[in-house]
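**Q** All chains, please: the whole structure from these sequences, using the hints.
What follows is the residue order along each chain.
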Amino acid sequence: METRYIGKNVDRPDAIDSATGKLMFCAEKRFPDMLYAKTFRSTQTHAEVLEIDVSKAAQLEGVVAVATAEDLPGVNIHGIHALDQPVLVPVGGKVRLPGEPIAVVAAESIEIAEKALELIEVKYKPLEVLSDPELACLESSPQVHDKRIVREYEYSIGDVERAFSEADVVLEYTQHLSRQEHAYIETEAGISFYDSDGILTLFAPAQEPFNTRQQVARALAIPESKVRAKVPNLGGSFGGKQSMTVQIHTALLTYMTKRPVQMIWTREESMLFSTKRHPGRFYYKIGATKEGMITSMLVDFLLDAGAYADQTPGVVVSAGATAIGPYFVPNIKVYGKGVYTNNPISGAFRGYGGPQATISVERAIDLLADKLGIDRVEIRRKNGLKTGDKPGNAVMVLDSRVTLNDTIEQALAMAGPKPMPSGKNKKVGRGIACCMPQFDVSAKPYNGLTGAGAEVELLVDGSVQVRTGVVEMGSGIKVALAMIAAEELVLDMNKVDVVLSDSMLTPKAGPTVASRAMYCCGNAVKAAAIQLKDRVNIKAAEIFQVPKDLIIWDNGKVYAQGKEDQAMKLSELARLCYVSGTNLVSSIFFVGTHAHLGHSFCTAVADVEVDEETGEVEVLFLGTSHDVGKMINPIGVKSQILGGGVQGMGWALMEDMKSENGQIIPKNLHEYPIPTANDIPKRTEIGIIEDPYPTGPYGAKGIGEHTNYTSTPAILNAIADAVQISLDKFPATPETVWRAMKNRQSDAKPLATCPSSVLEPSTVTV
Amino acid sequence: MRRWEQYFTPQSLEEAIFLLDKYKGAGKIIGGGTDLIPQFRDNKEESKYLVDVTQIPEMKEISLLEDSFVIGGAVTHAQLAGSQDVYNYAQVLAEATVCVGSPQIRNMGTISGNIVNAQPAADGAIALTALDAQVHITSADGEKVVPITELYRGVGKSKVDSTIEVISKIEFKKIDKVQNVSSAFERLASRKALALPMVNVAVCLKTTGGQFDWARIAIGPVAQMPFRPFLIEDELRGMPTDEESIRIIAEEVSQLVQPRSSKLRGSADYRKEMVKVLVGRALMKAIARLGSEPY
Ligand SMILES: Cc1cc2nc3c(=O)[nH]c(=O)nc-3n(C[C@H](O)[C@H](O)[C@H](O)COP(=O)(O)OP(=O)(O)OC[C@H]3O[C@@H](n4cnc5c(N)ncnc54)[C@H](O)[C@@H]3O)c2cc1C
Numbered sequence: 058m059e060t061r062y063i064g065k066n067v068d069r070p071d072a073i074d075s076a077t078g079k080l081m082f083c084a085e086k087r088f089p090d091m092l093y094a095k096t097f098r099s100t101q102t103h104a105e106v107l108e109i110d111v112s113k114a115a116q117l118e119g120v121v122a123v124a125t126a127e128d129l130p131g132v133n134i135h136g137i138h139a140l141d142q143p144v145l146v147p148v149g150g151k152v153r154l155p156g157e158p159i160a161v162v163a164a165e166s167i168e169i170a171e172k173a174l175e176l177i178e179v180k181y182k183p184l185e186v187l188s189d190p191e192l193a194c195l196e197s198s199p200q201v202h203d204k205r206i207v208r209e210y211e212y213s214i215g216d217v218e219r220a221f222s223e224a225d226v227v228l229e230y231t232q233h234l235s236r237q238e239h240a241y242i243e244t245e246a247g248i249s250f251y252d253s254d255g256i257l258t259l260f261a262p263a264q265e266p267f268n269t270r271q272q273v274a275r276a277l278a279i280p281e282s283k284v285r286a287k288v289p290n291l292g293g294s295f296g297g298k299q300s301m302t303v304q305i306h307t308a309l310l311t312y313m314t315k316r317p318v319q320m321i322w323t324r325e326e327s328m329l330f331s332t333k334r335h336p337g338r339f340y341y342k343i344g345a346t347k348e349g350m351i352t353s354m355l356v357d358f359l360l361d362a363g364a365y366a367d368q369t370p371g372v373v374v375s376a377g378a379t380a381i382g383p384y385f386v387p388n389i390k391v392y393g394k395g396v397y398t399n400n401p402i403s404g405a406f407r408g409y410g411g412p413q414a415t416i417s418v419e420r421a422i423d424l425l426a427d428k429l430g431i432d433r434v435e436i437r438r439k440n441g442l443k444t445g446d447k448p449g450n451a452v453m454v455l456d457s458r459v460t461l462n463d464t465i466e467q468a469l470a471m472a473g474p475k476p477m478p479s480g481k482n483k484k485v486g487r488g489i490a491c492c493m494p495q496f497d498v499s500a501k502p503y504n505g506l507t508g509a510g511a512e513v514e515l516l517v518d519g520s521v522q523v524r525t526g527v528v529e530m531g532s533g534i535k536v537a538l539a540m541i542a543a544e545e546l547v548l549d550m551n552k553v554d555v556v557l558s559d560s561m562l563t564p565k566a567g568p569t570v571a572s573r574a575m576y577c578c579g580n581a582v583k584a585a586a587i588q589l590k591d592r593v594n595i596k597a598a599e600i601f602q603v604p605k606d607l608i609i610w611d612n613g614k615v616y617a618q619g620k621e622d623q624a625m626k627l628s629e630l631a632r633l634c635y636v637s638g639t640n641l642v643s644s645i646f647f648v649g650t651h652a653h654l655g656h657s658f659c660t661a662v663a664d665v666e667v668d669e670e671t672g673e674v675e676v677l678f679l680g681t682s683h684d685v686g687k688m689i690n691p692i693g694v695k696s697q698i699l700g701g702g703v704q705g706m707g708w709a710l711m712e713d714m715k716s717e718n719g720q721i722i723p724k725n726l727h728e729y730p731i732p733t734a735n736d737i738p739k740r741t742e743i744g745i746i747e748d749p750y751p752t753g754p755y756g757a758k759g760i761g762e763h764t765n766y767t768s769t770p771a772i773l774n775a776i777a778d779a780v781q782i783s784l785d786k787f788p789a790t791p792e793t794v795w796r797a798m799k800n801r802q803s804d805a806k807p808l809a810t811c812p813s814s815v816l817e818p819s820t821v822t823v
Numbered sequence: 544m545r546r547w548e549q550y551f552t553p554q555s556l557e558e559a560i561f562l563l564d565k566y567k568g569a570g571k572i573i574g575g576g577t578d579l580i581p582q583f584r585d586n587k588e589e590s591k592y593l594v595d596v597t598q599i600p601e602m603k604e605i606s607l608l609e610d611s612f613v614i615g616g617a618v619t620h621a622q623l624a625g626s627q628d629v630y631n632y633a634q635v636l637a638e639a640t641v642c643v644g645s646p647q648i649r650n651m652g653t654i655s656g657n658i659v660n661a662q663p664a665a666d667g668a669i670a671l672t673a674l675d676a677q678v679h680i681t682s683a684d685g686e687k688v689v690p691i692t693e694l695y696r697g698v699g700k701s702k703v704d705s706t707i708e709v710i711s712k713i714e715f716k717k718i719d720k721v722q723n724v725s726s727a728f729e730r731l732a733s734r735k736a737l738a739l740p741m742v743n744v745a746v747c748l749k750t751t752g753g754q755f756d757w758a759r760i761a762i763g764p765v766a767q768m769p770f771r772p773f774l775i776e777d778e779l780r781g782m783p784t785d786e787e788s789i790r791i792i793a794e795e796v797s798q799l800v801q802p803r804s805s806k807l808r809g810s811a812d813y814r815k816e817m818v819k820v821l822v823g824r825a826l827m828k829a830i831a832r833l834g835s836e837p838y
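Protein sequences appear in the order of chains A and B. FYI, in the numbering used here the residues of the first sequence are 58 to 823. FYI, in the numbering used here the residues of the second sequence are 544 to 838.
Derived from the structure by calculation, the hints contain no laboratory data. Hints are supplied without guarantee of correctness; some may be wrong.
Stated by the list, open to error - Output of the computed footprint for chain B on chain A, the stretches with three or more beta carbons under 8 angstroms from beta carbons of chain B:
1) 371-377
2) 734-747
3) 788-799
As the list claims (entries may be wrong) - Keeping only pairs whose Cα atoms sit at most 27 angstroms apart, straight-line, the calculated DSS-like set for lysine-lysine is:
4) B:Lys806 x A:Lys724
5) B:Lys702 x A:Lys724
6) A:Lys799 x B:Lys806
7) A:Lys428 x A:Lys786
8) B:Lys828 x A:Lys483
9) B:Lys587 x A:Lys481
We put the beta carbon where it would ideally sit given N, CA and C, even for glycine.
**A** This is the structure in structure tokens:
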């Protein structure tokens with residue numbers, strides 16, 4: 058079908074401004090009469106708060122308000138999946154990690170606010186710190202919350218024990234996962250003020266304005282209708298800006314002072330107190346026949362939730378659902394849990410537990426292939442899921458025609474022959490990794506993400522406004538939604554504007570998470586545009602005296618088929634509709650029809666060169682093949698794939714938000730390296746498989762998170778291929794690789810042992 | 544963040560000295576500010592008057608003389624990395640300065656700031672140490688010329704007191720292949736840009752007939768300042784420039800250095816081993832650059 062925009066490259070209208078620094082972010086805005094806010098944070102890791110004295114700070118000239126828990130009119134609690142986190146830790150309460158907010162100050166300048174923090178005195182009674190998640194369930198360990206386990210996951214099918222006893226080969230492997238920082242460019246920042254209607258208005262980055270509205274209203278004990286939350290331009294999130302950061306604090310200070318208040322976290326504050334990707338451990342036991350058919354898998358995983366539940370309940374489930382990988386396995390037992398510790402809070406991060414599981418299973422599959430003496434690609438081909446197969450979880454159904462093997466073949470074809478080493482002491486290796494990521498389709502039983510509202514309005518000048526509540530997180534949803542409206546209404550893109558993420562202006566559409574925005578809002582906008590056109594066509598049919606299906610829209614003109622010369626301007630038609638009582642705002646609340654999550658397949662191939670003397674790793678090639686359904690905006694899809702791939706490479710090679718006894722070690726982006734433009738692999742290829750997904754808008758599936766699953770394990774597998782090292786711990790920094798190579802011979806690795814929890818899972822607690 | 548009160552942009556060295564003299568220690572020289580401004584931000588710096596030397600024309604020049612280089616005190620890393628003369632006749636400095644930070648940092652950061660900030664692995668300073676640079680320091684009392692190796696008091700502590708004196712220029716002998724003199728730089732870091740080195744090494748050397756005439760080796764960060772293994776440099780005079788000798792030299796240097804363990808930039812034993820690898824590679828590279836030179 059000939060399309061106007063769908064499937065064609067359209068640049069994001071904000072691209073040039075973002076690249077040249079012209080786009081304004083929350084931290085750059087200044088309002089008249091604005092106060093500057095700063096947070097007093099706990100220096101203790103785990104302690105009871107005995108006394109808080111803010112009197113000296115309050116007396117400092119230029120300080121307008123100092124707020125502690127006592128000043129909070131509503132409920133002193135927030136959280137997304139579980140309400141367990143205080144807005145401000147009160148006297149008698151506990152701090153559970155370094156950096157927890159105890160008081161907030163609003164002053165006439167940042168400098169005064171900073172000075173005021175130095176005058177606040179807090180007395181603590183230190184408590185024993187729990188930093189090792191493996192010890193979290195022991196009775197003798199310090200207790201961070203009333204319960205120790207945030208969430209458990211269990212899934213089983215068949216009889217794993219019997220299958221192991223009958224298997225030709227059984228492999229055991231334990232993969233450890235490091236903690237990753239989102240490292241978005243924009244740190245957390247927000248501004249709050251009362252508008253002229255007395256509505257407490259809040260501009261702050263988040264992944265959904267409605268959640269902000271709800272949490273602020275609850276904490277301030279005011280109706281949600283008195284709060285407006287707007288997410289303005291957002292400088293990166295990757296899952297990290299879902300929880301409350303500055304929002305309740307600035308809102309509270311505006312509530313107290315009636316003045317606009319701005320709070321900007323420094324990079325150090327952001328790294329100290331933002332959520333991270335869950336670190337953890339995945340144990341695998343895999344049984345297979347000597348031909349390489351996998352007969353059973355037992356998985357026991359542990360994720361470190363850190364000091365609060367945040368997204369852990371969801372992440373545990375998502376990790377569990379990904380743990381078996383994109384393979385057909387008849388006998389499965391997966392048990393996993395997320396536990397409280399005094400470590401940094403783990404939250405959502407692009408893939409939501411899926412990448413942790415994917416890295417682990419993909420390392421294990423390589424080791425299984427090696428043990429069997431079978432080619433590492435061949436074992437994946439043999440076991441890859443095909444249409445109609447039952448996947449290793451209860452939340453997916455293989456309902457599209459693309460199979461894992463389609464992506465494997467495409468990725469290998471892009472890779473071509475393995476490169477030659479560039480010199481002596483250099484070794485080249487190739488790695489492959491596969492996955493089956495999930496995406497939300499607004500299907501009823503899952504996650505409470507049901508539904509996405511959108512409005513499309515035709516204005517009397519012939520322009521169109523699209524309104525929906527999701528957030529533009531840099532993935533290009535805004536331009537893609539404009540493309541959809543322009544496509545359906547046969548308009549030029551510059552006639553369509555998209556307004557997003559404002560709780561007062563846009564319909565509730567759920568958060569931008571779970572790779573769902575395109576699927577859910579794309580469907581909603583498409584349906585709303587069709588509904589609007591249909592309504593206007595009733596009037597047009599009346600005017601042109603033809604049946605309504607003979608009305609043609611063409612670039613801002615409307616005419617009856619064959620009578621182009623009598624065309625009417627869309628603006629004129631809109632005016633006529635308006636004066637004769639046609640509603641020019643169409644509104645759709647999209648709810649998915651599936652009883653399961655969406656899925657796609659992906660395979661990455663990476664070539665690396667390892668310097669045997671220094672341990673340095675250079676990624677020579679990264680190619681990924683994605684089953685995307687249909688690309689709405691190809692340039693957007695491809696930049697997501699490249700970006701997600703490089704982000705995964707950073708985790709594989711350099712990123713590690715280490716902590717010791719609950720205290721993080723890298724304190725800023727100087728101490729926590731992420732890949733720079735120079736680090737992007739020498740050669741990258743992106744493979745796209747388009748087979749329209751019947752329920753997706755124009756056939757589109759989700760993609761945002763899917764790009765972040767396979768580059769990490771493909772690169773780790775390539776390093777292992779090059780220099781035969783274990784990599785059960787990563788990132789593969791030069792020193793880590795060097796040390797592993799040094800210990801290669803002496804390191805006769807003992808077989809991993811099965812954690813006892815597999816045998817006796819306790820009952821689910823959330 | 545602390546802030547200065549006044550910011551001056553003198554157009555001549557005399558004017559800069561006059562301002563420092565006038566404020567008697569309350570003023571301070573600023574080059575590109577890439578070290579100084581972060582220090583203000585972290586409340587570690589409190590000078591009231593900043594004297595910016597980057598608009599003084601003679602301090603912005605790179606001059607190649609008959610057999611030496613004169614580098615103005617406010618020359619940036621970008622200028623050095625982009626200079627054909629530096630590439631041809633002081634390659635180690637070109638290679639080192641192109642590794643500094645990112646384009647933004649190289650455009651702002653100056654070579655003098657790199658010396659005065661006194662970090663033991665400052666890339667520019669490591670190269671200048673191997674080049675045996677002579678640093679011209681001007682104050683109200685006049686000018687003195689001091690070898691770069693004598694400008695360090697400790698980590699982050701320079702003997703140059705930038706509240707009263709200015710590095711006006713830096714001088715060193717040119718590295719000329721025609722005279723069998725050559726140089727090279729090697730560096731190991733956590734990523735390819737914007738990363739301080741885990742280890743960096745600069746070498747300059749001269750050979751005759753397949754033997755070392757002399758070599759200067761500078762290594763960071765393995766001591767309080769850019770480190771030169773003088774004893775080993777003495778020892779290698781007259782040694783053959785073959786792979787085996789270089790391996791032995793590199794091994795000896797590595798035995799000598801005592802790098803610290805850093806949670807972020809590598810443990811001591813790894814760094815020690817990397818000193819061996821990088822010293823070996825830098826020497827090999829410099830010798831290879833002499834190309835046609837017969838053994
Ligand atoms: C993001 C980032 C990355 C960096 N990466 C690197 C790197 O990879 N390698 C590296 O070596 N360095 C690096 N640096 C450090 C810094 O950029 C360099 O040391 C630079 O050369 C400092 O020069 P400047 O002109 O900016 O110094 P300034 O900050 O202006 O000054 C530093 C000190 O030198 C004094 N000073 C400056 N000029 C003179 C002069 N002419 N006479 C007397 N005193 C003077 C000042 O008073 C001050 O005490 C990095 C810095 C940043 C912020």
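**Q** Decide, hint by hint, whether the structure agrees.
**A** Going down the list of hints, with the structure as the test:
A count of 0 residues in the segment 371-377 of chain A with a Cβ less than 8 angstroms from any Cβ of chain B is obtained; the coverage claim is therefore unmet, three being the minimum. For the segment 734-747 of chain A, the proposed coverage by chain B is satisfied: 3 residues have a C-beta within less than 8 angstroms of a C-beta in that chain, meeting the threshold of three. For the segment 788-799 of chain A, the assignment as covered by chain B holds, since 5 residues bring a beta-carbon within under 8 angstroms of that chain's beta-carbons and 3 suffice. In summary, the hint linking lysine 806 (chain B) to lysine 724 (chain A) is supported, as the alpha carbons are separated by about 12 angstroms, within the 27 angstroms threshold.
Distance check on the hinted pair: lysine 702 (chain B) and lysine 724 (chain A) sit about 30 angstroms apart at the alpha-carbon level, beyond 27 angstroms; violated. Between lysine 799 (chain A) and lysine 806 (chain B), the direct Cα distance comes to roughly 20 angstroms. Compliance with the 27 angstroms bound is thereby established for this hinted pair. Taking the CA atoms of lysine 428 (chain A) and lysine 786 (chain A), the gap is near 20 angstroms; set against the 27 angstroms cutoff, the hint holds. The straight-line distance between the Cα atoms of lysine 828 (chain B) and lysine 483 (chain A) is roughly 17 angstroms, inside the 27 angstroms bound, and the hint therefore holds.
Taking the CA atoms of lysine 587 (chain B) and lysine 481 (chain A), the gap is about 46 angstroms. The hint is violated against a cut of 27 angstroms.
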